[in-house]
Amino acid sequence: MWWFQEGLCILPVALVLWTTATFIFDYITAVVLRHVDPLVPYISDTGTVAPERCVFGIMLDMSAFLGVATVYVRYKQVQALTDEEESKLHKLNILGLVLGWTSSFGMCIVANFQKTTLFFMHLVGATLTLGVGALYILVQTLVSLYMQPHVHGKSIFWVRLSIGVWTFLLPVVLLDFFSVFVSSVIMYSSLPGVDVAHKLHWIPGETGYIPHIISTISEWSLALSFVSFFLTYIRDFQVLQATFKITLRAEADLRSNHMYDSPHYRITTPLNQSVTSPLLAGGI
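Its first residue numbered 1, the sequence shown is counted upward by one per residue in UniProt numbering.
Some clues are possibly wrong.
[Said to hold, decoys possible] Using C-beta positions, here's what the derived DEER-type ranges look like: (1) Leu145 to Ile203: 42 to 52 Å; (2) Ile58 to Val32: 14 to 24 Å; (3) Tyr209 to Lys88: 44 to 54 Å; (4) Val31 to Ser162: 27 to 37 Å; (5) Lys88 to Thr127: 25 to 35 Å; (6) Lys154 to Leu17: 24 to 34 Å; (7) Cys54 to Ile94: 47 to 57 Å; (8) Thr116 to His152: 37 to 47 Å; (9) Thr116 to Tyr209: 13 to 23 Å; (10) His150 to Phe105: 27 to 37 Å; (11) Tyr209 to Val124: 22 to 32 Å; (12) Gln79 to Arg235: 12 to 22 Å.
Calculated from the structure, these hints are not laboratory results.
We treat Cβ as the ideally placed atom computed from N, Cα and C, and that holds for glycine.
Kindly generate the complete structure, drawing on both the sequences and the hints.
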């Protein structure tokens, strides 16, 4: 068995690889078609003009679906490994589920409301994706703190804490998270009369160029750090098969031996009133 076939570790792997491929594919397409400048454009700018915006929307929607699935499986795993007496851990687990799904929903908004179409909605989606996503990382880091050492070792906690610090806490991260908004404000205020939301090409030396570069670098750094956090789930999801199992069954309540409401069809044989058969069974 290959390592990615163990448990459900394929979920976080697929989420990270697919999302990264979305960014890279759209960047290459937009640069080749000369829709954006090669030097660090906004991620959103690479998915603004057709045809790349169509692919960007579809691929990012798929990333949101993978995010919902990954967050839910993580929630169920922590729930299964947590005693009923640990109320604090249960509350953090539920909070993590809500934050994770909210962040995934924000990704859908980013995918379907382009920056040049509805800028306000796009900004709301970006805030939900990265801002709420940073809170999700913080909550999961706390969950890892309370679950060690009786569930897993300290190493995974320190790894998640390091990524959380990069994304949310220390000055390096504050530069990433804060400069996205500060640089954008400076850029907008320094270019009166210019529709910055529709400006896709920047010339070195022009007004607002430096804040633009700082803002775009910060956005890429923040997005990649957020996505990379899900790689820490690989080891946890590899042991999911030994953690819990879900079995779905379909039950048919047979009332007739035909599918038509007509006097020409009459019941001539005894009916088995309760028929049960496996619909989907397997360990996850």
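Results of checking the hints against the structure:
no.	hint	in the structure
1	Leu145 to Ile203: 42 to 52 Å	holds, 48 Å
2	Ile58 to Val32: 14 to 24 Å	holds, 19 Å
3	Tyr209 to Lys88: 44 to 54 Å	holds, 48 Å
4	Val31 to Ser162: 27 to 37 Å	holds, 32 Å
5	Lys88 to Thr127: 25 to 35 Å	holds, 28 Å
6	Lys154 to Leu17: 24 to 34 Å	holds, 28 Å
7	Cys54 to Ile94: 47 to 57 Å	violated, 36 Å
8	Thr116 to His152: 37 to 47 Å	holds, 45 Å
9	Thr116 to Tyr209: 13 to 23 Å	holds, 20 Å
10	His150 to Phe105: 27 to 37 Å	holds, 33 Å
11	Tyr209 to Val124: 22 to 32 Å	holds, 27 Å
12	Gln79 to Arg235: 12 to 22 Å	holds, 18 Å
Hint 7 from the earlier list is the only one contradicted by this structure; the remaining hints agree with it.
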